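A.B. asks: Chain by chain, the residues:
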Amino acid sequence: MDYAIRAEGLVRRFGATTALDGVDLAVPTGTVFGLLGPNGAGKTTAVRVLATLLRADEGHATVGGYDVVRDAHQVRQLIGLTGQYASVDETLTGAENLLLIGRLLGLSRADAKRRARELLADFQLSDAGDRAAKTYSGGMRRRLDLAASLVGRPQVLFLDEPTTGLDPRSRNELWDIVRTLVADGVTVLLTTQYLEEADQLAGEIAVVDHGRVIAQGTPEELKAKTGGQTLTVRPADASDLATVASIAGEVSGATPEVAQSAVTVAVNDPGVLPAVVRRLEAAEITVAELALRGASLDEVFLSLTGHRAEDAPAGNDLERTPA
Amino acid sequence: MTAATLTAPLAPARRLGVAAGLRHTFTLAWRSLVQIKHNPMELLDLSIQPVMFVLLFTYVFGTAIAGSSGEYLTFMLPGIMVQNALFATMTTGFGLNNDLTKGVFDRLRALPIARWAPLAGRIIADTVKQAWSIALLLGVGAILGFRVGNGLLGVVAAFALLLAFTLAASWISVLVGVLVSEPEKVQIFGFMVIFPLTFTSNIFVPTDRMPGWLQNWVEVNPVTVVADALRGLLVSGPVAGPVLQTLLWGAGIAVIFAPLAVRGLKRRV
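Protein chains in written order, with our numbering: chain A, 106 to 428; chain C, 4 to 272.
Keep in mind that the hints were calculated from the coordinates and are not lab data.
As the structure is a computational prediction, the values presented were derived from the model and not from experiment.
There could be a bad hint or two in this list.
Here chain A is said to cover these stretches of chain C; the calculated rule only asks that three of the stretch's residues, wherever they fall, bring their Cβ under 8 Å from a Cβ of chain A [as the list claims (entries may be wrong)]:
{"no.": "1", "region": "36-50"}
{"no.": "2", "region": "192-205"}
In silico DSBU-like cross-links for lysine-lysine, where the CA-CA straight-line distance does not exceed 35 Å [unchecked claim]:
{"no.": "3", "chain 1": "C", "residue 1": "Lys269", "chain 2": "A", "residue 2": "Lys218"}
{"no.": "4", "chain 1": "C", "residue 1": "Lys188", "chain 2": "C", "residue 2": "Lys105"}
{"no.": "5", "chain 1": "C", "residue 1": "Lys40", "chain 2": "C", "residue 2": "Lys132"}
{"no.": "6", "chain 1": "A", "residue 1": "Lys218", "chain 2": "C", "residue 2": "Lys132"}
{"no.": "7", "chain 1": "C", "residue 1": "Lys269", "chain 2": "C", "residue 2": "Lys40"}
{"no.": "8", "chain 1": "C", "residue 1": "Lys188", "chain 2": "A", "residue 2": "Lys328"}
{"no.": "9", "chain 1": "A", "residue 1": "Lys328", "chain 2": "C", "residue 2": "Lys40"}
{"no.": "10", "chain 1": "A", "residue 1": "Lys328", "chain 2": "C", "residue 2": "Lys269"}
Cβ atoms here follow ideal geometry from the backbone N, Cα and C, with glycine treated the same way.
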């Protein structure tokens, strides 16, 4: 098989912290590969190494067959990078940002302008093209970031948490754009904290924790490992919690968790929800919340590692102080 | 969608030529200059502040210090050019730090461009801004009655000397920009260091009017040296000595701070 990205034994330390602790990756050309993990897991460090921004202490990696250290210049001609740390210039307009990158990539002034117009149109930014990027909304800003990484028509695209902080509509728009790119043959390495996002886009997912790949597989394989879905029941009266927990446990056959006046339990069988409802009704328990949702990253982590995904404090400098 | 249409993959080029690196540098310099258009604050720093300083000092302190505002303008204008130029060097560190903290620098580094182009482009753009401020100060000075003593040659030489010195001094700014965690701290540094440094020189008040202990410092202060060189070139007085000393100071600053700044930048990114 032809691999657009290969990494073997990547290790990167920052002082006493080991951000990458021996990461192997193999991303087939033309696919979307998801790196899933909490803040500080090492996702961003991995992307920075692959995008030639950071040198690994050990191991090596190739992108498009070129070594990310020895042939860094060639790698840079193949890749596009979008992430919170690889930003456009907020003081320039959207059009100027794209023009700047086009010119840096060696396009003539006329070609760079044409390319900028083309991308602004593709990303529904034509009307905002002459406004400074700092006036853009979050969704517009991410679209501009993505457009900026596509000026050079990259073969390999790194998307580092492309939808973190976006509203659902902007997130869906971004997902559609990524799907279009992949349909056109671009290889995408996506990092995300959301299982749903990896599930929506990626053909294969590697789950990272503390700088290591702890599980890898298709979204279906991972979800099967994690019990698929989670049922949450919040009784109106907190004194019913114990009863609710025992019902949920009995019906699902799994061990329920009680936290924040709600009971959660992993669910594999679609028949569990109606059965729980009937039992609650019979026990005359009034319910404030009853929800069935897909396994979250938290649940993936809980079942893979036995511990919950630790949340790094807000504003944490990801690549320098991994949690 | 056209955005994703791939061209036939070409084998990527193995290395970059110097000509390409220069082209990247000028493109990035363009970017820094276009920013002015969108950032009125920068125009304020570049144009209004120097003019305001000249007007205030000339008419508020002129008569008290030199007997007349005209005399004082002749004495002070070369010095205020030095002060303004030193403050303006902070733009380089501020902009660089902004790029580093906001992630623009990483975006640029992920592009197949010369490694030195982002810094070189910024320095070239800031040198253009410096030239604009120097010309503006000379223009305002001329309107207020400043008369040059050594003709066009003196003006051109003064211009070139000050630009060369600020180019060297801007390495200090680059180092600060690389070391601090946010752009505002570059400005704080500028305020804390350049203010006392420039006021304890002979740019606003003649050395012999200051307390004795301060005079010793004022005489060795490089700001005094550069101001004297500009006075010599623009108005009258000794030229060779102060110009040579200015060049030595500039060379010394560059030799110490340029490697530190470059090393700091490499460690930071």
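A.B. asks: Each of the hints needs a verdict: does it hold here or not?
C.D. replies: Okay, the hints, checked on the actual structure:
Using a Cβ-Cβ cut-off of 8 Å, 4 residues of the region 36-50 of chain C lie near chain A, which meets the minimum of three, so the contact claim holds. Check on the region 192-205 of chain C: 0 of its residues sit with their Cβ under 8 Å from a Cβ of chain A, so the three-residue criterion for coverage is violated. Using a Cα cut-off of 35 Å, the hinted pair Lys269(C) and Lys218(A) holds, with the two alpha carbons roughly 33 Å apart. Using a Cα cut-off of 35 Å, the hinted pair Lys188(C) and Lys105(C) holds, with the two alpha carbons roughly 15 Å apart.
For the suggested pair Lys40(C) and Lys132(C), the alpha carbons sit about 13 Å apart, so the restraint of at most 35 Å is met. Between Lys218(A) and Lys132(C) the alpha-carbon distance is near 26 Å, which keeps this suggested pair within the 35 Å criterion. Taking the CA atoms of Lys269(C) and Lys40(C), the gap is about 30 Å. The hint holds against a cut of 35 Å. For a cut-off of 35 Å, the pair hint linking Lys188(C) to Lys328(A) is broken: about 48 Å separates their Cα positions.
In summary, the hint linking Lys328(A) to Lys40(C) is not supported, as the alpha carbons are separated by about 52 Å, beyond the 35 Å threshold. Distance check on the hinted pair: Lys328(A) and Lys269(C) sit about 42 Å apart at the alpha-carbon level, beyond 35 Å; violated.
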